[in-house]
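Let chain A serve as the given structure and place chain B on it in line with the hints.
Chain by chain, the residues run as shown.
Protein chains: 2
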Amino acid sequence: MDIVKDLLKGDRKALARAISMVDNEDLQSKEIIKEIFPYTGKAFIIGITGPPGSGKSSLINRLVYVMRKEDLKIGIIAVDPTSPFTGGSILGDRIRMQEHNSDKNVFIRSMSTRGSLGGISNATRGVVHLLDAFGKDIVIIETVGVGQSEVDIAKNADTTILVLTPLSGDSVQVLKAGIMEIPDIVVINKADLPGAGISQTDINIMLDFKNKRTWRPPVVQTITLNDVGTQKLWEEIKKHRRFLEKDDYLAKLRAERHQKDVLLFMENIIKTKIWNTIMGTAMFEEMITKINNKEIDPLSAAQEILNSIDLTNHE
Amino acid sequence: MDIVKDLLKGDRKALARAISMVDNEDLQSKEIIKEIFPYTGKAFIIGITGPPGSGKSSLINRLVYVMRKEDLKIGIIAVDPTSPFTGGSILGDRIRMQEHNSDKNVFIRSMSTRGSLGGISNATRGVVHLLDAFGKDIVIIETVGVGQSEVDIAKNADTTILVLTPLSGDSVQVLKAGIMEIPDIVVINKADLPGAGISQTDINIMLDFKNKRTWRPPVVQTITLNDVGTQKLWEEIKKHRRFLEKDDYLAKLRAERHQKDVLLFMENIIKTKIWNTIMGTAMFEEMITKINNKEIDPLSAAQEILNSIDLTNHE
Numbered sequence: 001m002d003i004v005k006d007l008l009k010g011d012r013k014a015l016a017r018a019i020s021m022v023d024n025e026d027l028q029s030k031e032i033i034k035e036i037f038p039y040t041g042k043a044f045i046i047g048i049t050g051p052p053g054s055g056k057s058s059l060i061n062r063l064v065y066v067m068r069k070e071d072l073k074i075g076i077i078a079v080d081p082t083s084p085f086t087g088g089s090i091l092g093d094r095i096r097m098q099e100h101n102s103d104k105n106v107f108i109r110s111m112s113t114r115g116s117l118g119g120i121s122n123a124t125r126g127v128v129h130l131l132d133a134f135g136k137d138i139v140i141i142e143t144v145g146v147g148q149s150e151v152d153i154a155k156n157a158d159t160t161i162l163v164l165t166p167l168s169g170d171s172v173q174v175l176k177a178g179i180m181e182i183p184d185i186v187v188i189n190k191a192d193l194p195g196a197g198i199s200q201t202d203i204n205i206m207l208d209f210k211n212k213r214t215w216r217p218p219v220v221q222t223i224t225l226n227d228v229g230t231q232k233l234w235e236e237i238k239k240h241r242r243f244l245e246k247d248d249y250l251a252k253l254r255a256e257r258h259q260k261d262v263l264l265f266m267e268n269i270i271k272t273k274i275w276n277t278i279m280g281t282a283m284f285e286e287m288i289t290k291i292n293n294k295e296i297d298p299l300s301a302a303q304e305i306l307n308s309i310d311l312t313n314h315e
Numbered sequence: 001m002d003i004v005k006d007l008l009k010g011d012r013k014a015l016a017r018a019i020s021m022v023d024n025e026d027l028q029s030k031e032i033i034k035e036i037f038p039y040t041g042k043a044f045i046i047g048i049t050g051p052p053g054s055g056k057s058s059l060i061n062r063l064v065y066v067m068r069k070e071d072l073k074i075g076i077i078a079v080d081p082t083s084p085f086t087g088g089s090i091l092g093d094r095i096r097m098q099e100h101n102s103d104k105n106v107f108i109r110s111m112s113t114r115g116s117l118g119g120i121s122n123a124t125r126g127v128v129h130l131l132d133a134f135g136k137d138i139v140i141i142e143t144v145g146v147g148q149s150e151v152d153i154a155k156n157a158d159t160t161i162l163v164l165t166p167l168s169g170d171s172v173q174v175l176k177a178g179i180m181e182i183p184d185i186v187v188i189n190k191a192d193l194p195g196a197g198i199s200q201t202d203i204n205i206m207l208d209f210k211n212k213r214t215w216r217p218p219v220v221q222t223i224t225l226n227d228v229g230t231q232k233l234w235e236e237i238k239k240h241r242r243f244l245e246k247d248d249y250l251a252k253l254r255a256e257r258h259q260k261d262v263l264l265f266m267e268n269i270i271k272t273k274i275w276n277t278i279m280g281t282a283m284f285e286e287m288i289t290k291i292n293n294k295e296i297d298p299l300s301a302a303q304e305i306l307n308s309i310d311l312t313n314h315e
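Line by line, the protein sequences give chains A and B.
When the first sequence is numbered by the working numbering, its final residue is 315 and no position is left out of the sequence of numbers.
When the second sequence is numbered by the working numbering, its final residue is 315 and no position is left out of the sequence of numbers.
Everything labelled a hint here was simulated from the structure, so no lab data went into it.
Mixed in with the good hints, there may be bad ones.
No distinction is drawn between identical chains; accordingly, a pair holds when it is met within one copy or between any pair of copies.
Claimed, not checked - Under the rule of at most 35 Å between Cα atoms (straight-line distance), these lysine-lysine pairs were calculated in the DSBU-like manner:
id: 1; residue 1: K252; residue 2: K232
id: 2; residue 1: K294; residue 2: K252
id: 3; residue 1: K290; residue 2: K9
id: 4; residue 1: K246; residue 2: K104
id: 5; residue 1: K238; residue 2: K273
id: 6; residue 1: K239; residue 2: K271
id: 7; residue 1: K294; residue 2: K9
id: 8; residue 1: K271; residue 2: K104
id: 9; residue 1: K13; residue 2: K104
id: 10; residue 1: K73; residue 2: K5
id: 11; residue 1: K155; residue 2: K294
id: 12; residue 1: K290; residue 2: K42
id: 13; residue 1: K252; residue 2: K290
id: 14; residue 1: K104; residue 2: K294
id: 15; residue 1: K246; residue 2: K30
id: 16; residue 1: K238; residue 2: K294
id: 17; residue 1: K73; residue 2: K238
id: 18; residue 1: K273; residue 2: K30
id: 19; residue 1: K13; residue 2: K290
id: 20; residue 1: K271; residue 2: K73
id: 21; residue 1: K239; residue 2: K290
From a predicted model like this one, the values you see are computed outputs, not experimental measurements.
Next up, chain A with everything else stripped away, as it sits in the complex (with noise of 0.2 Å):
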């Protein structure tokens, strides 16, 4: 195809072109997909979620400016979340990394949900493996993680970094929820704020108290707005990136995201079957009348349907 060409040719335009239609779930985007794939694999992929207000944006603005010292040519997606709750209110949060803007080297992309949490996760991979085909050394996702679906998406990433503000008293609970399992890194960010010294502790006790791995998160305060703390994550950054390299880790972890990402397309190739076998069709009727007559439960139901249609001969 003529825009995989170009993308790969270094075209941002067609970098754009690719991004929606594969955001839009276009017919075209499996193909896309499917030609830039064997080009993928040379970013690396940095993840980083917390609650709306740590402060996200503006630590990877700060991060952008360090990375691109060493010149490495970034692609960003900010995935807005899924919440209809916080909806609206972090797009203007985003608008502190348009600074950027003007480098050609760094590409922004915002990502909103629109409907299906499988249909942000799919798209989001697949305008990572755009941006990694595009020559993008690092790729940084951002979610705003109010959600298992957001820590969902933040585990398609090689470091995945919790952004948190100094805790209140109720540091003990954050604890319980098992948070800790997420993240490679931890941030205190805003950590002019009261208490940051004792969330460092707080946290540092969860992470040696919930820690099997042989990588051990470390813990970086920092403070965008006086850009403290920025250099000292991004070397950070590195080590869990050398870590990762040595043994072999990065290929394992990799080849664990693919499987999963092949179990998960077979899912929503099933389902699609399965709606466009079944949907409107007399027998599928006369069983949902059956259920509102209480005559079989939606279960039993549900086994009873799939023995009797063909499942099989994919597209």
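Using the frame of chain A, we list chain B on its own:
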């Protein structure tokens, strides 16, 4: 099954045990739901969702007193949020509802998410069936609405109530996120806080603008501390129920829900089937290796695998 018989006879211990089995996805839980299903459909289901801190538990606590005056039997399912960031902090809030613990006609159950979102959503539905068959007149599902999944759980209700607090300047942005398509009733709780009046006006404008349904959601102000507005809220719930029961709209709504349930169950069965068929097989391992070597992309791999396995003959 004996447990089902005991439950139908009104044995609270049998109910509690059955709920635990469903919550734990116990092997027998399928059979329990199957046997219980013919006895469901009588309870009216109320979903209450809203951001953390909007005072949902206190509001439910008040609402239960009002309902109890009409001698209604009540079941409450408090679903813990899926967010690893707000995880533990909600439980304390729920303590407020324990005032009703000595009232044997009020059954309160907390459910927390373990792993899969589909899991909690399935389990919640199962527990609603159990409470319904047990003879509860009203089942309340409380979710902390910080993500799509919580909203999905709330959609299992006949009447969905969105609890907000007086909004600050970002109310217009909340509007954008399509939040107003969710509720049948909007509550502005903590209405003694500044901004309640303006919020009510804003929300009403949003509802008039967005609403294409035949039911126009009313906006109710409540102050749980002084028990203001609870009776009014209950009247609005009853009004919505009468609206649903007219023209068989409730039956249609529930039939749609059954349809969605069947589709979801089919997906889950197939997912398990795929998992059991391919995991650990040489064919799957080889495919992953091919992906790692960039010889095939994950989506094409998924299609090839699906073509090669047999998904018929489900238990």
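Against the structure, the hints:
| no. | hint | verdict |
| --- | --- | --- |
| 1 | K252 - K232 | within (27 Å within a copy, 59 Å between copies) |
| 2 | K294 - K252 | between (49 Å within a copy, 15 Å between copies) |
| 3 | K290 - K9 | between (59 Å within a copy, 26 Å between copies) |
| 4 | K246 - K104 | within (32 Å within a copy, 61 Å between copies) |
| 5 | K238 - K273 | neither (44 Å within a copy, 41 Å between copies) |
| 6 | K239 - K271 | neither (41 Å within a copy, 38 Å between copies) |
| 7 | K294 - K9 | between (62 Å within a copy, 19 Å between copies) |
| 8 | K271 - K104 | neither (41 Å within a copy, 43 Å between copies) |
| 9 | K13 - K104 | within (12 Å within a copy, 67 Å between copies) |
| 10 | K73 - K5 | within (19 Å within a copy, 67 Å between copies) |
| 11 | K155 - K294 | between (42 Å within a copy, 21 Å between copies) |
| 12 | K290 - K42 | between (54 Å within a copy, 17 Å between copies) |
| 13 | K252 - K290 | between (49 Å within a copy, 14 Å between copies) |
| 14 | K104 - K294 | between (63 Å within a copy, 28 Å between copies) |
| 15 | K246 - K30 | within (33 Å within a copy, 47 Å between copies) |
| 16 | K238 - K294 | between (60 Å within a copy, 25 Å between copies) |
| 17 | K73 - K238 | within (15 Å within a copy, 60 Å between copies) |
| 18 | K273 - K30 | both (17 Å within a copy, 25 Å between copies) |
| 19 | K13 - K290 | between (54 Å within a copy, 31 Å between copies) |
| 20 | K271 - K73 | neither (38 Å within a copy, 39 Å between copies) |
| 21 | K239 - K290 | between (60 Å within a copy, 29 Å between copies) |
The earlier numbered hints that this structure contradicts are 5, 6, 8 and 20.
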